[in-house]
Amino acid sequence: MSYILGHSAATPGWYVITVGGECDMNAAPSLSVAVVAAFRHGASTIVVDLNEVTFIDSTAIGILLAARERLRRSGGTFEVVCSVPAVVRVLGIVGVEAVAGVP
Amino acid sequence: MLASRERLDLKADPGELATARRFADAAAARFGLGDQERYEFTFAVNEAVSNAMEHGHPSPDGTICIHVAAENGALVFEVEDHGTFAPGPPAIDALPERGRGLAFMAATMDEVDVRRGTSGTVVRLCKRRAAA
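From first to last, the protein sequence lines stand for chains G and X.
Just so we're aligned, residue 4 is where the first sequence starts under the working numbering, counting upward by one.
Just so we're aligned, residue 1062 is where the second sequence starts under the working numbering, counting upward by one.
Misleading hints may appear alongside valid ones.
Selected chain G positions facing chain X (Cβ under 7 Å, derived; list incomplete) [claimed, not checked]:
id, residue
1, A12
2, T14
3, D27
4, D60
5, S61
6, V87
7, A89
8, V93
9, I96
Think of the hints as simulated: they come from the structure by calculation, not from any bench.
Ideal Cβ placement from N, Cα and C applies to all residues, glycine included.
Let the sequences and hints guide you as you build the complete structure.
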């Protein structure tokens, strides 16, 4: 798994985490690092781009759910962007609605 | 076609999860699951093997044994570890996210069966072909 943490200078607080590859238990620490880094920078919106993900497990989904919960509590925004049908379906099991397209 | 029963021994190392997924995916393809069912099968297998690696104990030779078989028109997967499930104090850095694995298995499989015995734990997953 790989990730890129990006932000827009024009939109303070807006962060995008672009994830690629296989997100299994081995990838969880890296994904956590990306999310923690976004919050440390004061993220109020986090967009997670999963378009290049080929596999995602419950550990990675749990990290996304925790990020979503934290942003909800603070009035922020959390969004998942993904067009990979299998990944979208698995996310849907726990009520994470993925939006098609690019961030 | 899937041979009657196929077995793979994995090192009890999370780096082996990808190997378990390739094994499951290849079996699902030969069994003839559709794309969605195939992904769900591989997904559930990954959860079961992750749990065995994290909470279970490998056999004395350090391996975790996984099986696939076609049974009565369904694709069946089993993972066996030799953990006795005497839970110790939770690790301070334990990832609570892993507890979701069983719920995900239940959501994606037709049957999930966890048998805890004195010599270990067997998790059995069953996926039927989607109705045409």
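Practice problem: Classify the hint on A12 of chain G as holds or violated, based on whether any CB of chain X lies nearer than 7 Å to its CB. | Solution: violated (32 Å)
Exercise. Would you settle whether the hint for S61 of chain G is holds or violated, based on the nearest Cβ-Cβ distance to chain X being less than 7 Å?
Key: holds (4 Å)
Quiz item: If you take the shortest Cβ to Cβ gap from V87 of chain G to chain X, is it below 7 Å?
Solution: violated (9 Å)
Quiz item: Holds or violated: is there a CB of chain X closer than 7 Å to the CB of D27 of chain G?
Solution: Holds: closest Cβ of chain X sits about 5 Å from D27 of chain G, inside 7 Å.
Quiz item: Can we keep the T14 of chain G interface hint, with Cβ of chain X closer than 7 Å?
Solution: With a closest approach of 29 Å, the T14 of chain G hint is violated.
Quiz prompt | Interface hint outcome for D60 of chain G [beta carbon to chain X under 7 Å] | solution = Hint on D60 of chain G: holds, closest Cβ of chain X at ~5 Å, below 7 Å.
Self-check item: Cut-off 7 Å, beta-carbon criterion: hint that I96 of chain G touches chain X
Solution: Check passed: Cβ of I96 of chain G comes within 5 Å of chain X, closer than 7 Å.
Self-check item: Minimum beta-carbon distance criterion (7 Å), V93 of chain G to chain X
Solution: Hint on V93 of chain G: holds, closest Cβ of chain X at ~6 Å, below 7 Å.
Quiz item: Should the hint that A89 of chain G touches chain X count as held when the rule is a Cβ pair under 7 Å?
Solution: Because about 4 Å separates A89 of chain G from the closest Cβ in chain X, which is inside the 7 Å limit, the hint holds.
Hints 1, 2 and 6 from the list above are not met by this structure, while the remaining hints are.
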